[in-house]
Every structure is written in C-alpha cells, then in structure tokens.
Amino acid sequence: MTFEWMKIPFALLTLFIVVNYGLLLTALMQKIAARVGGRYGIPIYQNYIDLLKNYALRSAITHGFMFYLGPVFRLTGGVGLLLFVPTIYGSAMFSNMSFAGDLILALYFIFFGSLGMALGAGESGHPYSAIGVSRGLSQVTMAELPLALAVFAIAVQYQTLSITEIVAAQQGGFLHWTLFTNPLAVIAAMLSFLGSMMRPPFDVVLAPQEIPIGPPTEYHSAYLALMQTNRVIFPIAKIVIFMNLFFGGASNWPVFFVKVFAIYMVSVLVGVVFPRFRVEQSIRWFMVWAVPIGIAAILIV
Amino acid sequence: MEAFVKPGEKNRLKERPERPVKQELQPRVVKTPDGQEITVEPLKDYYCEAPPRVHPPAYAKIVEDLFNWARAESLWILGFGTGCGAIEMRPLMTPRFDAYRYGIQWRPTPRQANLFVISGYLSVKTLKRAIRSYEQMQNPKYVVGLGSCTINGGMYWDSYNTIKRLDRYLPVDLYITGCMPRPEALLAGFLELKKIIKAGKGEGANRYAENFDWYKANQKQVIHDWDMPDYSW
Amino acid sequence: MKDLTDRLGTLFSLGDITEKRDDLAFVSVAPDLLRAVITHLRDVEGFTHLVLLTAVDWIEGGQFQLTYLVHNRTRARDIGLRVFIDREEATMAGIHDLWPTAATYQRELKEMFGIDFPGSPRIDEEFILEGWTDIPPYRRDFDTKKYAEETYFHRPGRETFDPATHMKDKLYPGEAS
Numbered sequence: 001m002t003f004e005w006m007k008i009p010f011a012l013l014t015l016f017i018v019v020n021y022g023l024l025l026t027a028l029m030q031k032i033a034a035r036v037g038g039r040y041g042i043p044i045y046q047n048y049i050d051l052l053k054n055y056a057l058r059s060a061i062t063h064g065f066m067f068y069l070g071p072v073f074r075l076t077g078g079v080g081l082l083l084f085v086p087t088i089y090g091s092a093m094f095s096n097m098s099f100a101g102d103l104i105l106a107l108y109f110i111f112f113g114s115l116g117m118a119l120g121a122g123e124s125g126h127p128y129s130a131i132g133v134s135r136g137l138s139q140v141t142m143a144e145l146p147l148a149l150a151v152f153a154i155a156v157q158y159q160t161l162s163i164t165e166i167v168a169a170q171q172g173g174f175l176h177w178t179l180f181t182n183p184l185a186v187i188a189a190m191l192s193f194l195g196s197m198m199r200p201p202f203d204v205v206l207a208p209q210e211i212p213i214g215p216p217t218e219y220h221s222a223y224l225a226l227m228q229t230n231r232v233i234f235p236i237a238k239i240v241i242f243m244n245l246f247f248g249g250a251s252n253w254p255v256f257f258v259k260v261f262a263i264y265m266v267s268v269l270v271g272v273v274f275p276r277f278r279v280e281q282s283i284r285w286f287m288v289w290a291v292p293i294g295i296a297a298i299l300i301v
Numbered sequence: 001m002e003a004f005v006k007p008g009e010k011n012r013l014k015e016r017p018e019r020p021v022k023q024e025l026q027p028r029v030v031k032t033p034d035g036q037e038i039t040v041e042p043l044k045d046y047y048c049e050a051p052p053r054v055h056p057p058a059y060a061k062i063v064e065d066l067f068n069w070a071r072a073e074s075l076w077i078l079g080f081g082t083g084c085g086a087i088e089m090r091p092l093m094t095p096r097f098d099a100y101r102y103g104i105q106w107r108p109t110p111r112q113a114n115l116f117v118i119s120g121y122l123s124v125k126t127l128k129r130a131i132r133s134y135e136q137m138q139n140p141k142y143v144v145g146l147g148s149c150t151i152n153g154g155m156y157w158d159s160y161n162t163i164k165r166l167d168r169y170l171p172v173d174l175y176i177t178g179c180m181p182r183p184e185a186l187l188a189g190f191l192e193l194k195k196i197i198k199a200g201k202g203e204g205a206n207r208y209a210e211n212f213d214w215y216k217a218n219q220k221q222v223i224h225d226w227d228m229p230d231y232s233w
Numbered sequence: 001m002k003d004l005t006d007r008l009g010t011l012f013s014l015g016d017i018t019e020k021r022d023d024l025a026f027v028s029v030a031p032d033l034l035r036a037v038i039t040h041l042r043d044v045e046g047f048t049h050l051v052l053l054t055a056v057d058w059i060e061g062g063q064f065q066l067t068y069l070v071h072n073r074t075r076a077r078d079i080g081l082r083v084f085i086d087r088e089e090a091t092m093a094g095i096h097d098l099w100p101t102a103a104t105y106q107r108e109l110k111e112m113f114g115i116d117f118p119g120s121p122r123i124d125e126e127f128i129l130e131g132w133t134d135i136p137p138y139r140r141d142f143d144t145k146k147y148a149e150e151t152y153f154h155r156p157g158r159e160t161f162d163p164a165t166h167m168k169d170k171l172y173p174g175e176a177s
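Protein chains in written order, with the UniProt record's numbering: chain A, 1 to 301; chain B, 1 to 233; chain C, 1 to 177.
Next comes chain A alone, as it looks inside the complex (with noise of 0.2 angstroms):
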C-alpha cells in the first residue's frame, strides 16, 4: 500500500475546520444551556478572545517535564483520534488516516488523552488535581465500559473492525443506520457517550462550581490554551467515531455539521435538565442502567 502525501495537507485542513467549527460549537452551546437559565450568555465568538489571551499571557510556571508534556498529550489524544477516523464518507479529501483496524485504534485514543491528562497533573503535585484524577479516571473508565460493549456488538454485527466499512455498510437510507438495526448498542454507547462528555450530570470532574476544577487546577497560560483547543476538538471527534458507527456517517460537510450538532445536543439537552452526580453516583448508575444494555447487545447480535 503506497501512502498517499496529499493526504496530509488534508488532514490539516479536516483539523481546521474542526477546530473553528468546535470554537463555535461549545460557544453555542454554552449559550444554549445559558438560555435555559435566562441568561444571554457568552459571546459566540468568546471562545476565541479567550484562547488568543491565554496565549498571549506573559509568564508561565513548569512543575516538571510530565507537567509540559500532560497538555500535548491531551491534545495529541484529540488531534489522533479526529485524524484516524474518516471524517467525510465517500470523500478521498476528508477521510483522513483511516484504515482496516481503526476501531480498535479510535478506543485506544479516547482513552489516550486522560492518561497523559492524569500523569501532567499529578507532576503539579497540587490536591486538587489529584483528587480531580482519581475521579475522572474511575469515570471515564465506567463510562467506557458501556461503550466497548457497544462497539463489540456493532463489530459482530458488521463482521469488521473497519469504521469506514461500518459506514459503509449504513448507507441507503436512515433505516440502515445502526441506531435502527441494532438500537440497544446505540442506547448503551450513547449512554456513555453522556458521561464522557464532562457536562452534567457527569461533569463533577472539571466543573468550575466544584471547589477543585480537577486535574486542569495547576495549569494556566498557554498550557490550559493547549487544553482549551483539545476541549473543543475531542467532543467533536468522538461526535464523529458516534455518527460513524451509529448514525450512518456524513458525505458531506453540511450533513457533518448537523448530524454532530444534533449529537452534541443529546449531551446538552440531559445536562440542563438533570443536576449533577457525585462520582460514585454516576458509577453506580452507569452499571445499573449502561452496562446490561451493553450486554444485551451483544447478547442479541
């Protein structure tokens, strides 16, 4: 297999639109769920003033080199995990690095970026973090667990571990998407799609109204800039692996730009709604209610 050069310029602009997209997108939401609350909410445009400052501070402080190197690990786990999924089916410019295993290399990289996150913040050496790691890592481990699941049963289902075949397979009307040929999957994978997505119920990881902000507690300047550009990229590229493997992908970028905010919105819709659960809590209710979904899914499949 030769390796096409082209594919990088690409890859970057993917990255590109992503990323202002993203800008836009949690700005959006943010206003969203500040509308709920009666309130005007942020400008659409915050996003990026606050990033440029953030940037632009004059001094920063190092705890260590795990201390540098938490952010860039966060951001690589954003970054890879956009650019190893096929962002637009069908598309030679937009599917990026996407090849026969990449399922497997998707669910590796969602965890990616909260491990280096865990191992940075621990080199501050700060409580705070600490404690925020702890809760974040027994989190993000539960809600994965319904996840895995999911994607073992749509592995079955499909009889490949190939994202782009999986769409592939989806295509011909929404009656095809997975979401109806194999619903309990999507229940359990969009069930811990809710708890990853650090907004309530399940943000008490990094809420600011939490006296801990969590693991991010040590981090300014432009390392919390770094992490700021991960925040808007990752939701977004797990939105995709979901829209991939559940919603029947996108061919093209208008239908992207729906399908992940019709996605994100599911998120949105239960955090303004519900209020927040405490760690064990959200543990406990991800092994009542996702984790035999998950089963049954393989079960039936």
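No lab work stands behind these hints, which were simulated from the structure alone.
Each hint can be trusted.
Pulled a few chain C residues facing chain B out of the computed Cβ check, cut under 10 angstroms:
| no. | residue |
| --- | --- |
| 1 | Leu129 |
| 2 | Glu130 |
| 3 | Trp132 |
| 4 | Tyr147 |
| 5 | Glu149 |
| 6 | His154 |
Because the structure is a prediction, the values reported are computed rather than measured.
In this text, a Cβ means the ideal position worked out from N, Cα and C, and glycines have one as well.
Using the hints, position chains B and C against chain A.
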C-alpha cells in the same frame, strides 16, 4: 503613580517582637520507608523562591494592542471573596446582570484567573491569603478594590485588624467606590477596567515586580507571623 | 422562672438574681460554684444547650464578667450564669468536658480577653488573630484607634464632622455660632 516612599510619611512605627517559625515549617530530617534519611526544608522545598520578574510588553505595538484587547475582553475573575463585598459579585452571574456577556468569567484557581477582585474589608489574616493568591496568578494580572474599605478603611477605619489602604500592599488598577457598590457599579467598574487595559495601562504585575521590596516591606509590617517565603508561587 | 431560681436558691448560695423576661433570667454565682450549678442545670433541670459563653470587661471594678447562657429546649427558656473573676489573674475552670463546644468559646476568650482556661483543648493556639503580639484586643485598655493609626497606612483626606455644626455652617455660613 504616586511616589512610593514619601519622606514625611510615618511608615509604621511600632516594632513588634519576632515570632519563631512554626513547627511544621522548620527544617527536619525524615526517614523514608526504605531507610534513607532526607532533609525536608518546607519553606524551600514546597515553594519557588525566585522573585517576580518584570515582563515588559515584548511585541510590536499592533500585536500588543491585539493582545490587550483580548485580555480586556476575557477577564477571568478569581473566585475568592475576601469580605462582605463578595455578596455583590454573585448577582453578576445571574440572569439579571449576566456578566458573561462581557467576557467576564469566574475561575476557581488563581493560576487561571487574571483579575483579582478584593471585595471589601481585608483583615490581616485574609491579606496574607490574598497576597499568596495574587502571586500565584500569571502576568499580566489586575486588581480591583471593591468598596470603601479597600480605599481608606471605610467603616473599619479604626479597627485593630483590617488594613486601610489596599494600594500599599497590592498594585491596584481600579477602585470601585461605595459601601457596598451595587452590581451595576461593579459592571461599570469592569467596563472601565477594560478601557484601562486596552490603553495598555494595566501593568500592575510589572509595577509589583519593580517595587517588590517596597510592597514586601509593607506587607511584612502588618503580617506579623510571616511563615512563608517572600515570593510564594 | 421564679420556681427555678427558688429551687436553685435552696441548693446553692446565689448572688443577684435578675429576671429579664418570663423565659430569661440571670443569676450571679461564685467562680468555684459555677461548675456545680451548671452541671445541676444540665443534668437535673434539662438545660442541655450551651447557647454562648462570653465575657465583659469591667475595667473600673478590676473584674471580668463571664456569662454562661444555657437553654432548656423542652421548656423553651434560658438562664444565664454570671461569674466575676479577677481581672489581673484572669483564670477560670473550663467546662469543655460538659459541652465540647465550650472549648471553642474558651479559646476565643483566651485570645480576645486573655482569660485563661487551663486544660482546655488547644487553648494556646491562635483562634482568629494570627501573630498577635499586643495585649488582647477586646480588653478595654487596648486602644484600637491608636493601634490602627500606628499600624496601618492612613489615607489622608478623611474628615469627620459633627452633623449639627456642619449643617449649620453650611446653611448659615455668615452667622456666628
């Protein structure tokens, strides 16, 4: 900026006896689980001792103007209510005032904040925490004194335990008068602060670094049990 | 309240009795009797709640007055025990074994008035003030204004007016007063 040390000004006055360093901050030898003996010196090991540096505006004017605009439009307030005035900041988050519209957000940690609102009277005990929080913030950073207590002591002008002039201990960019100022006054103050920053005059952090010794001397005059390093980030 | 103070009077030798309301009375007791009286109130009369423990500085008489206010939940009434101790050697037996919360009050009194309660938990630790080296600030011979003036920077321009003369001068400037 007024002159820092005025010849005529009585610059405190009564000498206080030295206090011994607290037990937990004294150097000690600790035995590790595998039998090694290591010396722990809390004041050196747990903090950075380097004094703050002056970070002058480094880039061309147009770039600095852009950065200053971004800094002004993205004010992250440290969520640290030092006095009764903190109660006036909370309504800013609510639908009635909604300060998020102006790019004002609250951050729970000093590392990520760049605006410190000293909300009302500052007792000596709180001043110590305020100084440490301020020093952990990253340059450029701004201080807003809220209420008359920060200006001249307000109703606590003869109290044995509250400072009267905030600008002797921290570089203040802006005062908001009133006792208490209403949230509208706070919003007006923040918009005024934005003008100061956009004009490139919000250099409090550099002022603090330049006159570091003067600020430290003032701080140590009122904080009698100075059990931390001089610069604690 | 009369029934209660009468009953107390038969058991202990009490000082002045002041009935403020139907449900509030103050009784003076000698320092060495306090423990017996307050234990009796707690265990027999049902005053199970220590509302507060505070002090007054009677500098003219050379005395501190300690006030122990206890509350009876079932009968909804309070009784305050007044104890006068010497101001120079301000020492009192603690009641922290009767009510653990009393230890906090005693710590505060030690710091603010300099009244010692030997044996009370953490009595020598700083409570609110950090690094205080002057005389305890709630003693009346402590001049808080003078201390503030010589400790904290003063911003010039602060003036105080007597409202009556100020308004008179402002409204009728020509008239001699």
